[in-house]
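A.B. asks: Residue strings, one per chain:
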Amino acid sequence: MIRWLAVTALVASATFAGGSAMAADCKIDTDETDKFTKVRTVITRRNSLESFWGDSSKDRQRDIYVAAYYKDGHKALQIQLWFSNYVERMPPKYELKNALVIPKDSKLLIMMADGSIVTLHSINPVKSDARATRSSPRATVDFGATIYYPLTDELITALTSQGASKVRVHTVEEHYDFKIHEKSLTDIGDAINCLQASL
Amino acid sequence: MKQLIALSIAFSLFATNAHAGSDSCKYKKNKLDDFTGERLVKVDWVDMTGWASSTFNRTIGGRKDIEVAAESTGGRSLLKFRLKVSDAVKNQPRESDLHSALYVPAGSPLEFTMADESIIQLIVDEDVRGKSRAKYDDGWFVVTSKFTVRYPLDAELAERLLNEDSVYLRLGARSHKYDFVTDKGTIEFNINNKAQQALKKVVGCLNQAQQEATT
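If you're matching them up, the sequences are chains A and B in order. Under my numbering, the first residue of the first sequence carries the number 25, and numbering increases by one thereafter. Under my numbering, the first residue of the second sequence carries the number 2, and numbering increases by one thereafter.
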């Protein structure tokens, strides 16, 4: 029994060690050229900027993912937001409409390790509806969005020269602040470097 | 016996401290914004609801709960009211009824009638729609609508609310078919002693935080 447990523990630790080694590598999720337009699209693997569990509390969970994106000569930072709220009763459908609205040119503020702020502006307007599911005895309301922020050479230099500690995403009504997990401090710069290396 | 005395002393000390704590200002936030460097102040909610509403109207409709809070960002101040109102109806509300149950359009006024019968008016600058739900209860559907409405507050009006007594409060709002909004398009409250204290406390705490920030 003890031997079996030891073997299981060894296998598990080897798996986790392998996983973390892979996380440091440059991974590309998409690298394809359209057969008709010959436009190449490259997207790096997305990484959560928060811990494995995201930012969880009793009534809500949320997470933020980052990847670097390239299409037709343009580079961008891709930010994906995901929110999940637990509510007492199923909300009416009209309340699910436009749960997340991010107009074009909305700001993404990134606080770098030295306290300086790098500001990016979104290229695509986002209007995302929420989805409600019954999860007895309560209901879950989920919504999320993918936003693209164009990268200039100047922004690339600023974002790859040091780690980042916090992110603020502006929406039409408010802003969401995320504290970057200590294991993810260099994820934004790493994603951009990974994209650059693959082009 | 000694234990009992020690326990009662400890309890009375705890009660005294709790009371002192409730008199002091409670801030949800009072700090510099990491990104902009602006001072953010959020004074916590204080209940203004009269005992009659909170005692009798919980289940049968006619509920009118009101809380007050305040916030300021970079010197721009807002006075906030959080309301929970209800009405009991015989027919099951449809989703469209809930959608139009409570709406405060941008430009709607909030008016205080002051003790000297003068009026202080604040104007909301954003549309607000209540979160409305219906619950079946013994032959009735109780429709409850919750919403938070924020009114820009300048220093002069804040000073008046702090130093003068108000007696009546009414908010401009719309409701398609529920009685929590009057035919005149208002939700109205008497300002009793508890509400008066709550209002002055919140405005005073906002002032205090702003003054501390400038000194």
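Honestly, the hints are just simulated from the structure, not real lab data. Keep in mind that a hint or two might mislead.
[Stated by the list, open to error] Stretch by stretch, here's where chain B covers chain A in the computed footprint (C-beta under 8 Å, at least three residues): (1) 133-141; (2) 168-177.
[Unchecked claim] Keeping only pairs whose Cα atoms sit at most 27 Å apart, straight-line, the calculated BS3-like set for lysine-lysine is: (3) B:Lys-136 / A:Lys-117; (4) B:Lys-32 / A:Lys-117; (5) B:Lys-85 / A:Lys-121; (6) B:Lys-91 / A:Lys-117; (7) B:Lys-147 / A:Lys-131; (8) A:Lys-121 / B:Lys-32; (9) A:Lys-121 / B:Lys-178; (10) A:Lys-117 / B:Lys-65.
[To be verified] Non-contacting residues of chain A with respect to chain B, defined by C-beta distances greater than 10 Å in every case (computed): (11) Glu-56; (12) Ile-67; (13) Arg-70; (14) Gly-97; (15) Thr-157; (16) Ser-185.
Bear in mind that the values here come from a model prediction, so they are computed numbers and not experimental data. Even glycine gets a Cβ: it sits at the ideal position worked out from N, Cα and C.
A.B. asks: Starting from Lys-147 of chain B, check that the Cα of Lys-131 of chain A is at most 27 Å away, please.
C.D. replies: violated, 30 Å
A.B. asks: Examine the stretch 168-177 of chain A: at least three residues should have C-beta closer than 8 Å to a C-beta of chain B.
C.D. replies: violated (count 0)
A.B. asks: Would you check chain B against the stretch 133-141 of chain A, counting CB to CB pairs closer than 8 Å, and say if three or more residues qualify?
C.D. replies: holds (count 3)
A.B. asks: Would you say Ile-67 of chain A is clear of chain B, with no C-beta pair closer than or equal to 10 Å?
C.D. replies: Answer for Ile-67 of chain A: holds, closest chain B Cβ roughly 27 Å.
A.B. asks: Does the claim that Glu-56 of chain A lies off the interface hold, with its Cβ farther than 10 Å from every Cβ of chain B?
C.D. replies: With a cut-off of 10 Å, Glu-56 of chain A remains clear of chain B, as the shortest Cβ separation is near 36 Å.
A.B. asks: Given the hint that Lys-121 of chain A pairs with Lys-32 of chain B, test it: the Cα-Cα distance must not exceed 27 Å.
C.D. replies: violated, 34 Å
A.B. asks: Has the given pair, Lys-32 of chain B with Lys-117 of chain A, been kept, meaning a C-alpha gap of at most 27 Å?
C.D. replies: violated, 38 Å
A.B. asks: Should the label of Arg-70 of chain A as a non-interface residue stand, given a Cβ cut-off of 10 Å to chain B?
C.D. replies: holds, 24 Å
A.B. asks: Given the hint that Lys-121 of chain A pairs with Lys-178 of chain B, does the C-alpha gap stay at or below 27 Å?
C.D. replies: holds, 23 Å
A.B. asks: Far enough from chain B: is every CB of that chain over 10 Å from the CB of Thr-157 of chain A?
C.D. replies: holds, 18 Å
A.B. asks: Just to be careful, I want the Cα atoms of Lys-117 of chain A and Lys-65 of chain B compared with a cutoff of 27 Å; is the pair within it?
C.D. replies: Holds, at roughly 26 Å.
A.B. asks: Starting from Lys-85 of chain B, check that the Cα of Lys-121 of chain A is at most 27 Å away, please.
C.D. replies: holds, 23 Å
In summary, the structure is inconsistent with hints 2, 4, 7, 8 from the numbered list given earlier, while agreeing with the others.
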